[in-house]
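Engineer: Spelled out, the chains give:
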Amino acid sequence: MSSSVNLLIGLAMGLNLLALGSSRMPSVIRIVAAQGVALGLIPFFMEDRFGWLVALVAAGTVAVKGLVIPNLLHRAMRTAKIDREIEPSIGFVPSMLLGAGGTMAAVDGAQLLPLLSEHAGTLLVPGALASIFTGFILLIGRVTAISQVCGYLILDNGIYLIGLLLIHSTPLLVESGILLDLTVAVFVIGIIMDRIQRAFDSLDTRKLTVLRE
Amino acid sequence: MKGLLLIFVPVAGAALAAAWPSERTRPWLLPAVGVVHTALAFWLLMHPPVVAPAAWLGFDQLARAVLPVVSLLFLVCAAYAVPYLGLRAERPNRVFVASLLAVLGLMSAAHQARHLGLLWITTEAVTLATVPLLHFNGTPRAFEATWKYLLIGGTGIALSLLGTFCLGYAYILGGGGGDLTFVTLMAHGAALSRPWVLTAWVLLLVGYGTKMGLAPMHTWKPDAYGEAPGIVGAMLAGGVTTVAFAALLRVRAVVDAAGEAAVTSRTLLVIGLFSMLVAAVFLLGTRDFKRMLAYSSVEQMGILASGAAFGATGVWAVLFHVWNNSLTKGALFLSAGTIRRAAGARTSEEVRGMSAITPQSAAIFVAGMLAISACPPFGPFFSELRVLRAAFETGHGAAAGMFLGCLLFAFFGMTRLVLSIVDGRPRGGVRNARRRIRETAGVVAPPLVLLGLSLWLGLATPETLRDAWAAAVAQLSPAP
Amino acid sequence: MTAFLEIILRLAVWLALAPLLPGILNKTKAWVAGRRGPPVLQLYYDLARLWRKSVVLSTLASPGFIAGPAVAWVALAAAALLVPLGPAGGALSFKGDVLLLVYLLAAARFCTAWAALEAGSSFEGMGAAREVSYAVLSEAALITAVLSLSVQSGSVTLGTMLTPPVGAGAALLAAGLFAVLLAENCRVPFDDPNTHLELTMIHEAMALDHSGPPLAVILHGASMKLLLFLVLLSEAVLPIRQLPAFTASAALAGTVLSVTVGVGLVESLLARFSFRRVPLLLTTAFLLCLFALLLAWKGGAQ
Chain E
7 MSSSVNLLIG LAMGLNLLAL GSSRMPSVIR IVAAQGVALG LIPFFMEDRF
57 GWLVALVAAG TVAVKGLVIP NLLHRAMRTA KIDREIEPSI GFVPSMLLGA
107 GGTMAAVDGA QLLPLLSEHA GTLLVPGALA SIFTGFILLI GRVTAISQVC
157 GYLILDNGIY LIGLLLIHST PLLVESGILL DLTVAVFVIG IIMDRIQRAF
207 DSLDTRKLTV LRE
Chain H
198 MKGLLLIFVP VAGAALAAAW PSERTRPWLL PAVGVVHTAL AFWLLMHPPV
248 VAPAAWLGFD QLARAVLPVV SLLFLVCAAY AVPYLGLRAE RPNRVFVASL
298 LAVLGLMSAA HQARHLGLLW ITTEAVTLAT VPLLHFNGTP RAFEATWKYL
348 LIGGTGIALS LLGTFCLGYA YILGGGGGDL TFVTLMAHGA ALSRPWVLTA
398 WVLLLVGYGT KMGLAPMHTW KPDAYGEAPG IVGAMLAGGV TTVAFAALLR
448 VRAVVDAAGE AAVTSRTLLV IGLFSMLVAA VFLLGTRDFK RMLAYSSVEQ
498 MGILASGAAF GATGVWAVLF HVWNNSLTKG ALFLSAGTIR RAAGARTSEE
548 VRGMSAITPQ SAAIFVAGML AISACPPFGP FFSELRVLRA AFETGHGAAA
598 GMFLGCLLFA FFGMTRLVLS IVDGRPRGGV RNARRRIRET AGVVAPPLVL
648 LGLSLWLGLA TPETLRDAWA AAVAQLSPAP
Chain F
83 MTAFLEIILR LAVWLALAPL LPGILNKTKA WVAGRRGPPV LQLYYDLARL
133 WRKSVVLSTL ASPGFIAGPA VAWVALAAAA LLVPLGPAGG ALSFKGDVLL
183 LVYLLAAARF CTAWAALEAG SSFEGMGAAR EVSYAVLSEA ALITAVLSLS
233 VQSGSVTLGT MLTPPVGAGA ALLAAGLFAV LLAENCRVPF DDPNTHLELT
283 MIHEAMALDH SGPPLAVILH GASMKLLLFL VLLSEAVLPI RQLPAFTASA
333 ALAGTVLSVT VGVGLVESLL ARFSFRRVPL LLTTAFLLCL FALLLAWKGG
383 AQ
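Residue numbers (the numbering used here), protein chains in the order written: chain E, 7 to 219; chain H, 198 to 677; chain F, 83 to 384.
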């Protein structure tokens, strides 16, 4: 059980680095979607007995992270007529190196946090920390709105991994609230991007510089 | 169950507003809901209900100490909104009115949330519901501000969710089950896993601190406050920030119960003083009077955070300051909105002589500025005095010195800007500008009422409120 | 005396077999494209033809123009002697020989670049600059891979350190070393050996002014380098050395052949990357080797 979970998390960690290294937006979106599906499958492997609650969370995650959000992003990308990150403020190679450094630090730093015996030996915490760090690099280092949203989603995937630690203890309300909020957030972000696009004729957030001291 | 009514009435009002057919009469829903909500909130303030310890939602002592002022601020803003939306008849107001009511309902829910997960959900919902309010003006600058608000606020919210999970896991590691109400968490404080609690505290401080606008996570604030209508600025500065602050207080009580009180106090003090310093520096430099209000709000949040570091008396003083801040900031934002519309510009280069064009709003603006920078006899003076006293009592002399220094520089910065736009001769003559806007009672009375309330709080703080704050302090730091 | 004879024999095998690989590679590419393609032995014919030709020297060229390829060839031949062949081990083996191998490869590259600069043509200088700037990154990946093997086995001798890791470590190392192989030997997607467009050439640009025997030496050296990397990759990833002698030789030959075909397939299916993308790919290779190193390190600690 632990090894298949670790395999999926290792896959997600590899996808983090791929996302940092790719300049084409469709591939970044695909990477985020693949990561979402990989993470959504984890609950099925975490538990020996099959609980319908856990299955519901997993299915919902796969649907939202793997299908709905990538589709929204694809649509936004098509309307914006942009498919490439040309000049990121942190280059692709430096961001990959940063991401690799962060991944190593995550693996090392996760040992400081104690775990329940059922979670010991899994990559849940290192994977979460690495994804959160990757998300921040994308949020800070990319200039187009879609890449930043992808960064936000990877950040969210990391948080989801931490949430998996709690999946058996917290009631469904918290879980469903998270999925719902995430959907709404991206929906709103999608609308805003549409508006930015119409107002500035581009999704380059560097053009959003009227407001500053 | 009246506590739940505080949530349902505005939400029902929002649904009604979304379905209401007439653009002209829809804004009247705002004061209607506001009156009901305020009456309910103050009735509950006078007659606090008994809250079951395990309840997820309830009008407990902390909600009692903070929620009424939000309600009051909303009522006054709603009164201002009717003439304001009348003036802005060119923009459809369906989404605006519905969102404003939804924000009120969600804020009431967030203030009453007694469950870790529920607190996060309601806070996130408040953030999302304010988004349509920010781009009411529909200009590219408003979209820019909204984007920044969403991106920075979204990240902050993600981090606070992470902190929520960490705190939950700390509890589970300590042998707890799935019951994440604050009462249970505090009762099991000693058993919580320390590394996870500390991680959670840092993340929650950054997450909810982003929402409060503590430096260095304050960068969305000047843009959002600068571009949003005055009412929205008032609700954000006086309402939404209190939600985040109350959330921090609740979480901090758990971390303190886990035996990390020294850490929470230290971090709150450092981040609070840093916010005040950053705000003072920017206040000395800014030329835009709506952005000035945002930096002043960063300063007030710094006061709240650092004051909360000074023990129980500090928390009491800070709850007092929450009331003063909400009322005074409301007066400032509403009068600034009027001045902004009359002047048609926002920077000290373009705006001059407003005392001649909008004499009443300009007078309120100056008085509000004096009040917020802690001039007696307004409320903020007394609450900040108590914060200082708490600082000296707990032996934070150096921090108190820095606190006073920041207040002084903020005062310099604000007087410089405010007097330069109020004084002098207006551009293009008085008569020309007067034609653009008339100061009706509808736009002058609301900020005046708020200012009067702030003055009254300073001169004669009601005994009920003192009791409410003391009870909230007792709830947050129960005697061992 | 027998030891000396054995070295001579091995050297002869290396020198004779190396030009076979580019032929196999080209045949694969032709097969994928549906052409008949040049014969497998084409490089032998080319080398013989070049050897008979005379040398055209620019008036600007210095002695280094001739000496560079010669020294590079000798360095590569010496490096080949260090590489162990299956259970037979290397012709020469001593503690720390892996460092010598890395340095010999670097020396060969230096001499090729040096010869290119001695031609006195700005175009060759540009090729040398490109080659060296890629080498900085691919060498980092190679050294990391060597480190990971050395940590894995706790040895710095090529003969004993080629005990491959298992599982994820082997996969990471294989991917990283394969990318290094492609980069070091100037294959697609880093460089296109067939191109003669001056803007895209890297390795070919360096050898453009060479003719006759020096060019033959350069081409032969390149094929030897390819063989060297193929052997190294196979032995670093697959547990060939644990097999009995005959099976091991067959496995080694089979792996080298199949990897060669794999390179040919990559070349047929991928387009050459733009210059801006290449550092990214090499960094990926470096990271793959780095994670293999970490795995080896952590695995050793447990």
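Since the hints were made in silico from the structure, they are not lab data.
Don't take each hint at face value.
Calculated cross-link-like contacts (lysine to aspartate or glutamate; reagent style DMTMM-like; alpha-carbon spacing at most 25 Å) [what the hints assert, rightly or not]:
| id | chain 1 | residue 1 | chain 2 | residue 2 |
| --- | --- | --- | --- | --- |
| 1 | H | Lys199 | H | Asp664 |
| 2 | F | Lys380 | E | Glu124 |
| 3 | F | Lys177 | F | Asp274 |
| 4 | F | Lys380 | E | Glu93 |
| 5 | F | Lys109 | F | Glu221 |
Example chain H residues on the side facing chain E (calculated, C-beta under 8 Å, incomplete) [claimed, not checked]:
| id | residue |
| --- | --- |
| 6 | Val247 |
| 7 | Cys363 |
| 8 | Tyr366 |
| 9 | Gly371 |
| 10 | Ser390 |
| 11 | Pro392 |
| 12 | Gly508 |
| 13 | Ala509 |
We treat Cβ as the ideally placed atom computed from N, Cα and C, and that holds for glycine.
Engineer: Please go over all the hints and tell whether each is borne out by the structure.
Structural biologist: Hint check results:
1. Distance restraint check for lysine 199 of chain H and aspartate 664 of chain H: the Cα-Cα separation of roughly 21 Å lies within the 25 Å cut-off, and the hinted pair is therefore satisfied.
2. Pair hint lysine 380 of chain F plus glutamate 124 of chain E holds up; C-alpha atoms about 22 Å apart against a cutoff of 25 Å.
3. With a C-alpha separation of about 37 Å, the suggested pair lysine 177 of chain F and aspartate 274 of chain F falls outside the 25 Å cut-off, and the hint is violated.
4. Our distance criterion of 25 Å between C-alpha atoms is broken by lysine 380 of chain F and glutamate 93 of chain E, whose separation comes to about 37 Å.
5. With a C-alpha separation of about 29 Å, the suggested pair lysine 109 of chain F and glutamate 221 of chain F falls outside the 25 Å cut-off, and the hint is violated.
6. Nearest Cβ of chain E to the Cβ of valine 247 of chain H: about 24 Å, over the 8 Å cut. The hint is violated.
7. With 8 Å as the threshold, the beta carbon of cysteine 363 of chain H comes within range of chain E, its nearest partner Cβ sitting at about 7 Å, so the hint holds.
8. Interface restraint check for tyrosine 366 of chain H: the shortest CB-CB distance to chain E comes to about 5 Å, inside 8 Å, so the restraint holds.
9. The beta carbon of glycine 371 of chain H is not positioned within 8 Å of any beta carbon in chain E (closest approach about 10 Å), and the interface hint is therefore violated.
10. Hint status for serine 390 of chain H relative to chain E: holds, with the closest Cβ pair at about 6 Å, below 8 Å.
11. Annotation: proline 392 of chain H was flagged as interfacial toward chain E, and the flag holds, the nearest CB pair being 5 Å apart, inside 8 Å.
12. Among the interface hints, the one on glycine 508 of chain H is violated; its C-beta lies about 30 Å from the nearest C-beta in chain E, farther than the 8 Å criterion.
13. Restraint check, alanine 509 of chain H versus chain E: the minimum CB separation of about 31 Å is more than 8 Å; hint violated.
Hints 3, 4, 5, 6, 9, 12 and 13 from the earlier list are contradicted by this structure; the remaining hints agree with it.
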